[in-house]
Amino acid sequence: MKTSLLAHAGRVWLALILFFLYAPILVMAAMSLNASPFYQLPFKFTTEWYEEMAGNEQIIAAAIRSVLIACVTTVIATALGTCASVALFRYDFKGKRLLQVLLFPPIAIPWLITGTAMLIFFFFIGIGRGTPAVIVGHVALALPYVIVTVTARLSSFDIALEEAARSLGADSWTVLRRVTLPWISPGIVAGGLFAFAVSFDQFVVSYFLSEPGDSTLPVMIYTAIRKGFTPEINAISTIIITLSMGIMFLATRKAKFGGEH
Amino acid sequence: MAELTNASDRRRLVALLSPAYLWLLVAVFLPLSAMLFFSFLTDLPQDTPDWGFTLGNYARFLSNPTYGTLLWKSVTLGLTVTLACILIGYPCALVLARTIKGRARETLFLLVILPFWSNSLVRIFSWAIVLRGNGVLERFLELFVPFDLRLNLMFTTTAVVIGLVHSYLPYVILTSYLALQAIDDDIIEAARSMGASRLTILRRLLLPLSMPGLMAGAVLVFVPVVGSFMEPRILGGRVGTYYGTVIEDQFVAVYNWPLGAALSFILLAVVLLILALASPILRKANT
Chain D
1 MKTSLLAHAG RVWLALILFF LYAPILVMAA MSLNASPFYQ LPFKFTTEWY
51 EEMAGNEQII AAAIRSVLIA CVTTVIATAL GTCASVALFR YDFKGKRLLQ
101 VLLFPPIAIP WLITGTAMLI FFFFIGIGRG TPAVIVGHVA LALPYVIVTV
151 TARLSSFDIA LEEAARSLGA DSWTVLRRVT LPWISPGIVA GGLFAFAVSF
201 DQFVVSYFLS EPGDSTLPVM IYTAIRKGFT PEINAISTII ITLSMGIMFL
251 ATRKAKFGGE H
Chain U
1001 MAELTNASDR RRLVALLSPA YLWLLVAVFL PLSAMLFFSF LTDLPQDTPD
1051 WGFTLGNYAR FLSNPTYGTL LWKSVTLGLT VTLACILIGY PCALVLARTI
1101 KGRARETLFL LVILPFWSNS LVRIFSWAIV LRGNGVLERF LELFVPFDLR
1151 LNLMFTTTAV VIGLVHSYLP YVILTSYLAL QAIDDDIIEA ARSMGASRLT
1201 ILRRLLLPLS MPGLMAGAVL VFVPVVGSFM EPRILGGRVG TYYGTVIEDQ
1251 FVAVYNWPLG AALSFILLAV VLLILALASP ILRKANT
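Chains as they are written, first to last, in our numbering: chain D, 1 to 261; chain U, 1001 to 1287.
Derived from the structure by calculation, the hints contain no laboratory data. Among the clues, some could well be false.
Derived, one-sided and incomplete: chain D residues facing chain U with beta-carbon distance under 10 Å [claimed, not checked]:
(1) Arg-11
(2) Pro-24
(3) Leu-26
(4) Ala-29
(5) Ala-79
(6) Phe-93
(7) Leu-99
(8) Leu-103
(9) Pro-105
(10) Val-219
(11) Ile-221
(12) Ile-240
(13) Leu-243
Derived DEER-like restraints, expressed as beta-carbon distance ranges [as the list claims (entries may be wrong)]:
(14) D:Trp-183 <-> U:Arg-1204: 38 to 44 Å
(15) U:Leu-1202 <-> D:Asp-214: 52 to 58 Å
(16) U:Ile-1188 <-> D:Arg-177: 45 to 51 Å
(17) U:Leu-1151 <-> D:Leu-5: 29 to 35 Å
(18) U:Arg-1139 <-> D:Ala-61: 35 to 41 Å
(19) U:Asp-1043 <-> D:Leu-161: 58 to 64 Å
(20) U:Leu-1202 <-> D:Ser-155: 30 to 36 Å
(21) D:Ile-127 <-> U:Arg-1150: 48 to 54 Å
(22) D:Ala-61 <-> U:Leu-1036: 35 to 41 Å
(23) D:Val-101 <-> U:Arg-1203: 31 to 37 Å
Stretch by stretch, here's where chain U covers chain D in the computed footprint (C-beta under 8 Å, at least three residues) [what the hints assert, rightly or not]:
(24) 84-92
(25) 109-118
(26) 136-147
Don't be surprised by glycine CBs; every beta carbon is placed ideally from N, CA and C.
Please work from the sequences and hints to get the whole structure.
Quick look at the structure:
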């Protein structure tokens, strides 16, 4: 293929965009290792901020809470979402199209609206604010992602395999357990990773639903930033972004290449 | 696919579907309905026993021009960010889909998409560090210019736009790339062999054929930006008062929930209107 001037310009454009996307994150990471608390240059290496972060009970408590909420969300959303995906894939029924459309509001409506609506309703029915409310909200936001991911994996599933198993005498429970589930398991893993990421990175809904002083990591960071931020926040932010990018890297690998391995 | 022939199949279907959809009902659809109900109340039932119905919350939106002005400011912000994302992202998708091949394309695509799936709050925070006065950006640009720079970008509308473009740019690249990649190479070859220039190919083939993907990306950027509040708060400072931040205030500072519900619902109406207008295009993008 001959490379024209235009193709070269295109590559430069792409490189500039990657720079735009990653430079601020790298600057933040670098500043978490810089001695000056006011982000002054020249750069002087220190791990002081990470040590301070590790000693900050508030940050550690919020981090543990965030991870726990994300784990519970992942388990519930993956279980419920996989069941719904299997049903949507296997059966034809009236209103199926509507059920698929209903998955979009949690994704498409701004979280500000969903979050405030949840806050009002949860107070109305007595759940109020707090960790249970946050989990209820996170599962709802994660469910559509799980269902879409697992359904995408199912669409490459050959229904003839189920029929073959059934004609060999397997009942439908055995078919599900021994034929269908093993095939879609990469989709389930990817869906679970998406669910974890949706919960772990969620700020808006957690912000409205969590109890003050008992919040998740992103909510704590938001409060800290508005009070005037410190390099400790840099340190924990750097850890968060590394973790969430790592999880998403795994999820996209699983979703795409899971079947071939 | 199995037709629903017998009762046991139907039972299984209900058993598989109902947990997920009941959850969505309780956590999303009932709250949205409750919000509509609350927006017509004078007070919260849990606070005072003598609450009543009123149109006052909506009347406040109409009588106080501040709310309308801020909604328009948020819509303008949404349009600006969407336009910037299209102008920056579409050429990028074009390069990825049409000139780069094989493993390099896959890796680059993943690199573009990855930040989008990482924590949005932390990414906005990273811009606060980059843009702050006398900060890294000014030092970096001074490498290229001989004089001292005073950009003072932090706490400006520009800072808010930069942060939001950074947050939502991957949406446009993702949807445009998927649409562009699906275009058959043979069509392009045919046009080229008949003497069409690059510009003609772009204007008459690539752009129209990828339009559904591009529009889907534009909607996916516009909708959350109109409802954004965290980004303007962190990067906008004093100038960062938008419709979203006013709603936030009603719930976390002023505690006027019925007014907040009415304002939220007006925003939801705007969003639904836009989604409805875009739905024919979005449906085309899906198939």
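For each hint, the structure was consulted:
1. At a threshold of 10 Å, the smallest CB-CB gap from D:Arg-11 to chain U is about 7 Å, leaving the interface hint in force.
2. Among the interface hints, the one on D:Pro-24 holds; its C-beta lies about 4 Å from the nearest C-beta in chain U, closer than the 10 Å criterion.
3. For D:Leu-26, the interface hint holds, the least distance from its beta-carbon to any beta-carbon of chain U being 9 Å, beneath 10 Å.
4. Given the 10 Å rule on beta carbons, the hint for D:Ala-29 holds: about 9 Å separates it from the nearest Cβ of chain U.
5. Of the supplied interface hints, the one on D:Ala-79 holds, with its beta-carbon coming within about 8 Å of a beta-carbon of chain U, less than 10 Å.
6. A distance limit of 10 Å between C-beta atoms decides the matter here; for D:Phe-93 the minimum to chain U is near 5 Å, and the interface restraint holds.
7. About 7 Å separates the beta-carbon of D:Leu-99 from the nearest beta-carbon of chain U, less than 10 Å, and the hint is met.
8. Look at D:Leu-103: its Cβ gets to within about 8 Å of chain U, closer than 10 Å, so that hint holds up.
9. Given hint, D:Pro-105 at the interface with chain U, holds; its Cβ is 6 Å from that chain's nearest Cβ, closer than 10 Å.
10. Interface hint at D:Val-219: satisfied, since its Cβ lies 9 Å from the closest Cβ of chain U, which is below the 10 Å cut-off.
11. For D:Ile-221, the interface hint holds, the least distance from its beta-carbon to any beta-carbon of chain U being 6 Å, beneath 10 Å.
12. With 10 Å as the threshold, the beta carbon of D:Ile-240 comes within range of chain U, its nearest partner Cβ sitting at about 5 Å, so the hint holds.
13. Taken as an interface hint, D:Leu-243 checks out: its beta carbon lies about 9 Å from the nearest beta carbon of chain U, inside 10 Å.
14. With their beta carbons about 43 Å apart, D:Trp-183 and U:Arg-1204 fall inside the hinted range of 38 to 44 Å.
15. One distance hint, 52 to 58 Å for the beta-carbon pair U:Leu-1202 and D:Asp-214, holds here, with the actual separation near 54 Å.
16. The supplied range of 45 to 51 Å is met by U:Ile-1188 and D:Arg-177, whose beta-carbon atoms lie about 47 Å from each other.
17. A C-beta distance of roughly 32 Å is found between U:Leu-1151 and D:Leu-5, which places it inside the suggested range of 29 to 35 Å.
18. At roughly 36 Å, the beta-carbon separation of U:Arg-1139 and D:Ala-61 lies within the given 35 to 41 Å, and the hint holds.
19. Distance hint for U:Asp-1043 and D:Leu-161: a CB-CB separation of about 60 Å, consistent with the stated range 58 to 64 Å.
20. In this structure, U:Leu-1202 and D:Ser-155 meet the distance hint of 30 to 36 Å, their C-beta atoms being roughly 32 Å apart.
21. Remark: the range hint 48 to 54 Å for D:Ile-127 to U:Arg-1150 is upheld by a beta-carbon distance near 51 Å.
22. For the hinted restraint 35 to 41 Å between D:Ala-61 and U:Leu-1036, the CB-CB distance of approximately 37 Å keeps it satisfied.
23. Range check, D:Val-101 to U:Arg-1203: about 34 Å between beta-carbon atoms, so the 31 to 37 Å window is met.
24. For the region 84-92 of chain D, the assignment as covered by chain U holds, since 8 residues bring a beta-carbon within under 8 Å of that chain's beta-carbons and 3 suffice.
25. A count of 9 residues in the region 109-118 of chain D with a Cβ less than 8 Å from any Cβ of chain U is obtained; the coverage claim is therefore met, three being the minimum.
26. Here the region 136-147 of chain D counts 6 residues with a CB under 8 Å from a CB of chain U, which clears the bar of 3, and the coverage holds.
Of the numbered hints stated above, none is contradicted by the structure.
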